[in-house]
Amino acid sequence: MSAESSPKIVIVDESPIRAAILEEGLREAGYTDVVHISEMQSLLSRIYALDPDIIVIDLENPSRDVLEQMFQVSRAVRRPIAMFVDQSDAASIQASVEAGVSAYIVDGLKKERMKPILDLCVSRFNAFAKLQDELDRTKHALEERKVIDRAKGILMKVKGLTEEEAYVLMRSTAMREKKKIGEIAQSILTASELLK
Amino acid sequence: MTTPLRVGFIPLVDAAALIVAVDKGFAAAEGLDVTLVREVSWSNVRDKLNIGLFDAAHLLAPVAIASSLGLGHVKVPIAAPFNLGLNGNAITVSPALHAALMDEIDGDRFDPMATSQALARVVAKRRKSGAEPLTFGMTFPFSTHNYQLRFWMAAGGVDPDEDIQLVVLPPPYMVDSLANGHVDAFCVGAPWNSVAVDLGIGHILHFVSDILLSAVEKVLAVRQAWSEKHPDAVASLVRAHLRAAEFIEQPENRSEVARILAQPERIGVDASVIQRTFDGRLKIAPDGTMRESNRYLLVGREAAARPDPGQAAWLYAQMVRWGQTPFKPEALKSAMAVFRPDLYDAASGRPTGVPNLIGAFAGPPFDPSDVPGHLAAFKIGRWKP
Chain R
1 MSAESSPKIV IVDESPIRAA ILEEGLREAG YTDVVHISEM QSLLSRIYAL
51 DPDIIVIDLE NPSRDVLEQM FQVSRAVRRP IAMFVDQSDA ASIQASVEAG
101 VSAYIVDGLK KERMKPILDL CVSRFNAFAK LQDELDRTKH ALEERKVIDR
151 AKGILMKVKG LTEEEAYVLM RSTAMREKKK IGEIAQSILT ASELLK
Chain V
1 MTTPLRVGFI PLVDAAALIV AVDKGFAAAE GLDVTLVREV SWSNVRDKLN
51 IGLFDAAHLL APVAIASSLG LGHVKVPIAA PFNLGLNGNA ITVSPALHAA
101 LMDEIDGDRF DPMATSQALA RVVAKRRKSG AEPLTFGMTF PFSTHNYQLR
151 FWMAAGGVDP DEDIQLVVLP PPYMVDSLAN GHVDAFCVGA PWNSVAVDLG
201 IGHILHFVSD ILLSAVEKVL AVRQAWSEKH PDAVASLVRA HLRAAEFIEQ
251 PENRSEVARI LAQPERIGVD ASVIQRTFDG RLKIAPDGTM RESNRYLLVG
301 REAAARPDPG QAAWLYAQMV RWGQTPFKPE ALKSAMAVFR PDLYDAASGR
351 PTGVPNLIGA FAGPPFDPSD VPGHLAAFKI GRWKP
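Those protein sequence lines, which keep their order, are chains R and V.
For the first sequence, full-length UniProt numbering begins at 1 and goes up steadily by one.
For the second sequence, full-length UniProt numbering begins at 1 and goes up steadily by one.
If you're looking for bench data, these hints aren't it; they were derived computationally from the structure.
Please read all numbers here as calculations on a predicted model, not as lab measurements.
Among the hints, erroneous ones may be present.
[Said to hold, decoys possible] Residues of chain R clear of chain V, computed beta-carbon distances all greater than 10 Å:
1. E39
2. V122
3. E143
4. I181
[Unchecked claim] Distance ranges between label pairs, derived from CB positions:
5. R:L50 <-> V:P133: 22 to 32 Å
6. V:L199 <-> R:D51: 35 to 45 Å
7. R:E183 <-> V:E228: 44 to 54 Å
8. V:D270 <-> R:I17: 33 to 43 Å
9. R:D136 <-> V:D108: 51 to 61 Å
10. R:E143 <-> V:E228: 47 to 57 Å
11. V:P329 <-> R:A90: 24 to 34 Å
12. V:K229 <-> R:D133: 29 to 39 Å
From the three backbone atoms N, C-alpha and C, an ideal C-beta is built for every residue, glycine too.
Just chain R, same shape as in the assembly (with noise of 0.2 Å):
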């Protein structure tokens, strides 16, 4: 960085893990003034009394449209505001989009500055959305593992099999029905439930 001091930038996103994410890829980068928003109540006072720079915010916050009152009504922060977001920034606009961010820049502070900052939020945005599905596929397959040990049990009392044959049986049946094991797992305990 620059000699230029550090903007202040303020995160606005209900998802603390997010959240920290960027606010320590952003430390990384030497932007040292962040501040997280969860709180929704009362936004748009919260950010007048911290008077950022930038504000970068998760696009699935409801809470953008208040911001784009901020930006409309400049009477109240006694200054010009603008959007960083101009006809030249087309591409930055869709990726940042894309990817689920959006941000905002005050008056008076380069673009320049924020093109690297900006870029730096898609990546970590990216990031924290490639790390949430792979939680979900993680607790997916977990479901899934304590499902197919179910109906081995189930399989294993009723035939009267031995674990090791009762997977096999499972696996062949799903190879034969073009289906997955955890399918076949899930019908033997439906079957289960309704024969009780």
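Given chain R, work out where chain V should sit, using these hints.
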């Protein structure tokens, strides 16, 4: 051959034609494979439409104009070939403000001039006693709600920028904000007014149709460049929505429509609350007082769906009146060009020339050919000729 389209919407009753067009198969019958994407903010709908993540969208009419003029955001010309609804908003006030207004009112309580003058007296009294200014919630800086509130207040002598506070609130937060005293009143679309009345924390003071006889509310918006590249898809969209609008307006279909809209992935509120809006029969006070109007929300009746450039001109005039943009004849022209009756007529094959007269309760009749002259008739405003 089907055309896949992604269409963004906000969960509100005036997204009805969009939702019914898809869920009743009218879009599919036109060869369109529409995926409806529920959104949380108008900024998101606008941005995703502007950068091409959406092919079409449910949009506040003033946002379509602001986007075309580059006001408040990136300039992306929009074409609106179909009105999704006329009217449909209401002004709801807290029980305390309602009581204060009724104490001051001189005349009929459904007469917007009488309530507006009562508001001016309430505002004056509060100022004298040193109380905080009243706070009103609305949905977006470029919104019909913003202009409708301002038009009503200013008629009775209240300056919406000096005498009260106008704040933007996402519609789902309106009711909470009224309950916890963050706002004293709000202007919003259905179903949020009814939700506040049902909870006993609000009185519906006015239907917007008390203030303006016919006011375009939401439009079906596409990028102008996209409409030029895909004329057949635009025509198919218009036809599918016209069929949906006609279906919605048949009284015998109302309960089915309300059920479709009530689904969790659509609007996700009780069907009976949604149906009130279509019936134009609303509970307006916690004590159960009912009020009826056949102009509460118009979807397909009275050529409501046909875009009227005169309506766009009126919205542009409001942006000028409240200082959002200086008056420029070429900008007026661009604003009017957003509304595309030509595309509507070509697709529907039934050109109807009936304009949707604004019919405001105060001021001279609106004349699109003389916006500065029209605005000069209003005492309160941020516009300098």
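Comparing the hints with the structure gives:
The beta carbon of E39 (chain R) sits about 13 Å from the closest Cβ of chain V, which is more than 10 Å, so the claim that it is off the interface holds. The beta carbon of V122 (chain R) sits about 14 Å from the closest Cβ of chain V, which is more than 10 Å, so the claim that it is off the interface holds. In this structure E143 (chain R) is separated from chain V by more than 10 Å, as the shortest Cβ-Cβ distance comes to about 23 Å. Against chain V, the non-interface label of I181 (chain R) holds: every CB pair exceeds 10 Å, the least being about 30 Å.
Checking the proposed 22 to 32 Å range against L50 (chain R) and P133 (chain V) shows it holds: the Cβ atoms sit about 24 Å from each other. A hinted range of 35 to 45 Å for the beta carbons of L199 (chain V) and D51 (chain R) is consistent with their spacing of about 36 Å. Evaluation of the 44 to 54 Å hint for E183 (chain R) and E228 (chain V) yields a pass: the beta carbon distance comes to about 47 Å. At about 34 Å, the CB distance of D270 (chain V) to I17 (chain R) agrees with the hint of 33 to 43 Å.
The beta-carbon spacing between D136 (chain R) and D108 (chain V), approximately 58 Å, falls within the hinted interval of 51 to 61 Å. Range check, E143 (chain R) to E228 (chain V): Cβ separation about 49 Å, and the 47 to 57 Å hint holds. Between P329 (chain V) and A90 (chain R) the Cβ separation comes to about 28 Å, which falls inside the hinted range of 24 to 34 Å. Restraint check, K229 (chain V) to D133 (chain R): a C-beta distance of roughly 34 Å satisfies the suggested window 29 to 39 Å.
Hint compliance for this structure: every hint is met.
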